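S.K.: Could you slot chain B onto chain A? The hints should help.
Here's the letter readout for the chains.
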Amino acid sequence: MKSFKEAIETGDKPDLIDPEKRKQLEAGTEEILGALPEKAQDYYELIVSEAYQKLLDRIQHYTKAPVTQQNFPALVANVFGAFNKISEVESANKAKLEKMAVNVVLNLPEFEYVKKLVQANRLKIVAKLGTPDLKNAVTQSEQEAQDKLLPDVDGLSDLEELNQIVAENLFDDTETKLRRRLANTLMQGNAVSKLYLFNMVKNELDEMDKSLIYNYGLVTTVAQLFYFASPPIENFTLPMIEAAAQGSEEVVPEGDVYTVKALAKTFPYLIHEIVKGIYEYLAIDPDKSVPEAAVERKLKKDVIEQEVTDTIAGPELWNKIFELVSTEDQKYLPFVYQYVLALPIEDVKKVFKGDKEGEKIVQGLVLRAKRTASEAEQD
Amino acid sequence: MKSFKDLFTKYLTEQPAPAAPPKEKPDVKPDTEKPSTEPKSPPRRNPLEPRPGFQPRPKGLVPKGENEEEEGVKRKNNPDVNLFFKYRKNIGRA
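As you go down the protein sequences, you meet chains A and B in turn. Residue numbers in the first sequence follow my numbering, run continuously in steps of one, and reach 380 at the last position. Residue numbers in the second sequence follow my numbering, run continuously in steps of one, and reach 95 at the last position.
One should not assume that every hint holds.
[What the hints assert, rightly or not] Below, computed lysine to any residue pairings styled on SDA-like, alpha-carbon distance capped at 20 Å:
1. A:350 - A:35
2. A:302 - B:58
3. A:211 - A:227
4. A:302 - B:56
5. A:117 - B:50
6. A:301 - B:58
7. A:116 - B:48
8. A:371 - A:301
9. A:262 - B:52
10. A:22 - A:238
11. A:95 - A:262
12. A:125 - B:50
Hint data in this document are derived by calculation from the structure and do not stem from the laboratory. Note that the structure is a prediction, hence the values are computed from the model and not measured.
Excised from the complex, chain A in its bound form (with noise of 0.2 Å):
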């Protein structure tokens, strides 16, 4: 039972959760729970905490002044502007920076091995900075409409309706739905936490125009304090989304490659989305023992809404591994978070427990990773 205290805790930082949105994540509904440690709803309310905490923090890097609630309309007026200034400076420099996107990315230690299979056209990035492109993506409501549909199977000979079939009643289980939400939770904080990387190209940022840097950080800290200010959206439909989002990922398979496309409105978006969609790649099929059919049934299961409270939770979760994995050893990352999303769940949560014995699962899975890559080097 709740206190007086709030659940969710702004510390000395002003109160700016819309308190719907505090009734929405302080209900204990979030799927999320279910990979979390002991005390689950307890530990979510911590890390949304420390995000929180840490965002305002974030946003007074930028602006030189700590955000009140008396300041924060003219915050938010201020963004409006500094999208605007954005567009001028990236329109005449689109190329340079969609290049420069991809760089950033793949040239940090994490990605040394995602590198390789690009540089192995084992794996494409087309990063362009533009409309996001959601026209494949399914809210809420329609994955709901979709689920009461049978699906029409024309086409399918009998033996691959039946695969479905049993793939439907053996694979779709919760389990199966909590490792995609973890996978999806990750992934989205991950990329949240890559926002930032504008500032590793300070100097190619600063010929282009020395407002850029603090634009950048402007508009990318006060809109993620948008998800906490904001009321939760009932009913989203796919017009308001693709009107509303600031970028997007699609990993498309051609061939036996995949491409994975990354579209944004902004520079520090398409690093965003960039990220992201490495890792959604990642998260496709990390445990090859799953039957194809149950891999193709949980992705059917994404719905856009989910993204909102995975970039609230999601950073924090998302250094929980981080944290775990030593400066040196951040390119076996994408190998970890595979291993992570195959582990049993109660492994799972002692990982975010961070205590010694998730210290030594992820040791262990730093160990395989090594092993594993090493051997695919010598192929």
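M.R.: Chain B alone, transformed into the frame defined by chain A:
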């Protein structure tokens, strides 16, 4: 749509023998390689790579419902419950 029971019965009665599991995807490779009498061993893939042919749904960052009251934006494509099936049928042509 047929019921599970119908399909399963049909499957059991019409299958001539407990044949090897049929391939779900047509093998479009030319016949220059050895006949596939042995279990197919797919080309060695990087361990990070997914098996081919899966397509997750796109994702997009939606910071806020700005423009949420915008109307008249025509849906370009109605997501189809059978996207997966249509996609699967296209794999062989890819």
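S.K.: Given the hinted pair residue 301 of chain A and residue 58 of chain B, is their alpha-carbon gap at most 20 Å?
M.R.: Cα-Cα ~7 Å, so holds.
S.K.: What's the verdict on residue 350 of chain A and residue 35 of chain A, does the C-alpha distance respect the 20 Å limit or exceed it?
M.R.: 9 Å, holds
S.K.: Are the Cα atoms of residue 302 of chain A and residue 58 of chain B separated by 20 Å or less?
M.R.: 9 Å, holds
S.K.: Check whether the Cα positions of residue 302 of chain A and residue 56 of chain B lie no farther apart than 20 Å.
M.R.: Judged against 20 Å, a Cα distance of about 12 Å means the pair holds.
S.K.: Does residue 50 of chain B sit within 20 Å of residue 125 of chain A, going by the straight-line distance between their CA atoms?
M.R.: 12 Å, holds
S.K.: Between residue 211 of chain A and residue 227 of chain A, does the CA-CA distance stay at or below 20 Å?
M.R.: 26 Å, violated
S.K.: Please verify whether residue 262 of chain A and residue 52 of chain B have alpha carbons no more than 20 Å apart.
M.R.: 18 Å, holds
S.K.: Sort out whether residue 238 of chain A lies within 20 Å of residue 22 of chain A, counting only the CA atoms.
M.R.: Satisfied, since the Cα-Cα distance of roughly 19 Å is no more than 20 Å.
S.K.: Between residue 95 of chain A and residue 262 of chain A, does the CA-CA distance stay at or below 20 Å?
M.R.: 16 Å, holds
S.K.: Below or equal to 20 Å on CA atoms is what counts here, so check residue 117 of chain A against residue 50 of chain B.
M.R.: At roughly 11 Å apart (the allowed maximum being 20 Å), residue 50 of chain B and residue 117 of chain A satisfy the hint.
S.K.: Could you grab the alpha-carbon distance between residue 371 of chain A and residue 301 of chain A and see if it respects the 20 Å cut-off?
M.R.: 32 Å, violated
S.K.: Residue 116 of chain A and residue 48 of chain B: Cα distance at most 20 Å?
M.R.: 14 Å, holds
In summary, the numbered hints that this structure violates are 3, 8.
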